[in-house]
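Asker: Please take these sequences and the hints and turn them into a complete structure.
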Amino acid sequence: MNNDVLVSVDQVSRFYGPLRAVDSVSFEVRRGEVLGFLGPNGAGKTTTMQMITGNLAPSAGQIKIHGIDILDEPKRAKAEIGFLPEQPPLYRELTVDEYLSYCARLNRVPAAKLASALDNAKQRCGLTQVSHRLIGNLSKGYQQRVGIAQAIIHSPAVVILDEPTVGLDPIQIREIRALIRELGGTHSVILSTHILPEVQATCDRVQIINKGSLVMSDTIAGLTQRMLGSGLLVALRKTVELSDLQSVPGVLSVAALGENRYRLHCAENQNPAEALVEKSVQQSWGLYELTPERMSLEEVFVNITRNEAPAATPTEAAA
Amino acid sequence: MNSILTIAARELRSLFLSPLAWSILAVVQLVMAWFFLGLLDRFVMALPQLAQMENPPGVTEIVVAQLLDTAGIVLLLIAPMLTMRLLSEELRNQTLPLLFSAPVSMTEIILGKYLGILGFFMLILLLIALMPLSLYAGTSLDTGMLLSGFIGLGLLLASIAAIGLFMSSLTAQPTVAAISTFGVLLLLWILDTFTTTGGDTSGGVLAYLSILRHYQPLLSGTFKSVDIVYYLLFIGTFIVLSIRRLDSYRLQH
Chain A
1 MNNDVLVSVD QVSRFYGPLR AVDSVSFEVR RGEVLGFLGP NGAGKTTTMQ MITGNLAPSA
61 GQIKIHGIDI LDEPKRAKAE IGFLPEQPPL YRELTVDEYL SYCARLNRVP AAKLASALDN
121 AKQRCGLTQV SHRLIGNLSK GYQQRVGIAQ AIIHSPAVVI LDEPTVGLDP IQIREIRALI
181 RELGGTHSVI LSTHILPEVQ ATCDRVQIIN KGSLVMSDTI AGLTQRMLGS GLLVALRKTV
241 ELSDLQSVPG VLSVAALGEN RYRLHCAENQ NPAEALVEKS VQQSWGLYEL TPERMSLEEV
301 FVNITRNEAP AATPTEAAA
Chain B
1001 MNSILTIAAR ELRSLFLSPL AWSILAVVQL VMAWFFLGLL DRFVMALPQL AQMENPPGVT
1061 EIVVAQLLDT AGIVLLLIAP MLTMRLLSEE LRNQTLPLLF SAPVSMTEII LGKYLGILGF
1121 FMLILLLIAL MPLSLYAGTS LDTGMLLSGF IGLGLLLASI AAIGLFMSSL TAQPTVAAIS
1181 TFGVLLLLWI LDTFTTTGGD TSGGVLAYLS ILRHYQPLLS GTFKSVDIVY YLLFIGTFIV
1241 LSIRRLDSYR LQH
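Sequence lines, in order, name chains A and B.
Oh and the first sequence: position 267 is 267 in the working numbering, straight run, nothing missing.
Remember, the working numbering sits 1000 above the position in the second sequence when you count from 1.
Everything labelled a hint here was simulated from the structure, so no lab data went into it.
Keep in mind that this is a model prediction, so the values were computed, not measured.
Idealized CB from N, CA, C, for every residue including glycine.
Be a bit skeptical, because a hint or two may be false.
Reference excerpt, derived from the structure (chain B facing chain A, CB under 8 Å, subset only) [to be verified]:
(1) LEU1098
(2) PRO1103
(3) THR1107
(4) SER1134
(5) ALA1207
(6) ARG1245
Coverage of chain B stretches by chain A, computed from C-beta distances (three or more under 8 Å per stretch; other residues unrestricted) [stated by the list, open to error]:
(7) 1012-1021
(8) 1083-1097
Answerer: If you want it as structure tokens, here you go:
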């Protein structure tokens, strides 16, 4: 896997009249990377994606696809992009085959490769059985798949999917996620969503946008790190003095939760769990529950989008 | 060029997948055939009188010119139904992003759409043309006049298509596009009617703009380049306006 930058967004802003929908956003996506684009409703996700795909002109800033400026050479840049908008752009009166071959021709797939491109896209999106059906008669899930097939038919370098799993049933969601992961192998994928587990399941990197500006950009590993709280939940058979618990090395403070349950707040990078277990055995406290406190992705998300300050640290949030 | 043809082919295909196109073809054909037979009947009845005239008008002048004249007006009324969905429907169904994110320029999108609808209009023209052409079986026609008439109707239809395309780019409601196209065409038509019935030719500027005024000379076999240029300018203007309009969706919302 080589690491060339396929999408580069540099200081891009977009105004709708006086409203600043996107405010100098900059980021890059490399080959083989799946980037999750998170944000509350109206944060500017869709606007950003529309700008990357050339559906909207940015008010300021520069967007390059595979090194090609989308405003200077729109045709060459757009040839590298596959886009599934929020509302799949489907012609209901066409059959799946007719529609996909139209999309392939629009995207300049050579006539000789048309049939194989069609087969490949249909197979990847599980559409082979519905080839000859009218798009208007398909269920929402299948229509969504046709939308994705349309985006990958010319095997573009960059695939941009705006909320691809909306309206799908759980099994379809799993299939689509697997497909996105698979796409990430050969293409770059930008995926917008407000479904948080989806990001954990499919993405390599996460960006959170709020009120038009990027407030967080991190790898999934980094995000997991953020989610790791600094608390321990402890339940004991015996009632103990708070000061006894406090004396365990690494514990900063102790809060009693009632019924012999305690929350230990620990110093960063210091896990007192081992010491605690040892002490519990020595003094027969009857330790029967020990849980590291974790923030959910939701909490991280809420913290980040609520605080204006970029990237509130999870330790502060947990305290 | 390829993308233009791809878009045009899709446009035509979608037209024929709806009953609208078929019913319009059928209705136009029925009405025009009825009219054609009526004209022919009248011509045959008037033959004895015509024979006494020194320089009698031929069948081309009486039947064909009249037929094409009526065809122009009938199509003026019907064409907005066909052009209304060109871009309005894409706007309403939000399918434009497909074209916008494909490697095609705005000009190619508009030209593709225009070519698609023009293809359909030319089919109507062909079906109408078959009627006077059938007269060749029994008599001889003034070929020059016939051709000039067909070119006239073709240009008229091409102008209607251009204006319909532009109106359709303005709104996401096909019916609004149809009504406004109809309104503009009607206006361009009655511009002529009032200034000519007034008998005063000094109000010529408005009358000059009338879309049918440039049609009449072509029907009577007077092939003036000024009329051709009028139609070409008309078509060009509305195509450029449509391209600008489409581009504005990308620039500002």
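Asker: All the hints need checking, so say for each whether the structure fits it.
Answerer: So, going through the hints one by one against the coordinates:
A distance limit of 8 Å between C-beta atoms decides the matter here; for B/LEU1098 the minimum to chain A is near 4 Å, and the interface restraint holds. For B/PRO1103, the suggested interface contact is upheld, since its CB lies about 4 Å from the closest CB of chain A, less than 8 Å. The closest approach between the C-beta of B/THR1107 and any C-beta of chain A is roughly 11 Å, which is over the 8 Å cut-off, so the hint fails. Because the beta carbon of B/SER1134 sits about 35 Å from the nearest beta carbon in chain A, more than 8 Å, this interface hint is broken.
Against a cut-off of 8 Å between C-beta atoms, the interface hint on B/ALA1207 is violated, since the closest Cβ of chain A lies about 42 Å away. Taken as an interface hint, B/ARG1245 does not check out: its beta carbon lies about 15 Å from the nearest beta carbon of chain A, beyond 8 Å. As drawn, the segment 1012-1021 of chain B meets chain A at 4 residues by the rule of a beta-carbon pair under 8 Å; at three or more, the given contact holds. Residue count for the segment 1083-1097 of chain B with a Cβ under 8 Å from a Cβ of chain A: 5. That meets the three needed, and the coverage hint holds.
Hint check: violations occur at hints 3, 4, 5 and 6; the rest are consistent with the structure.
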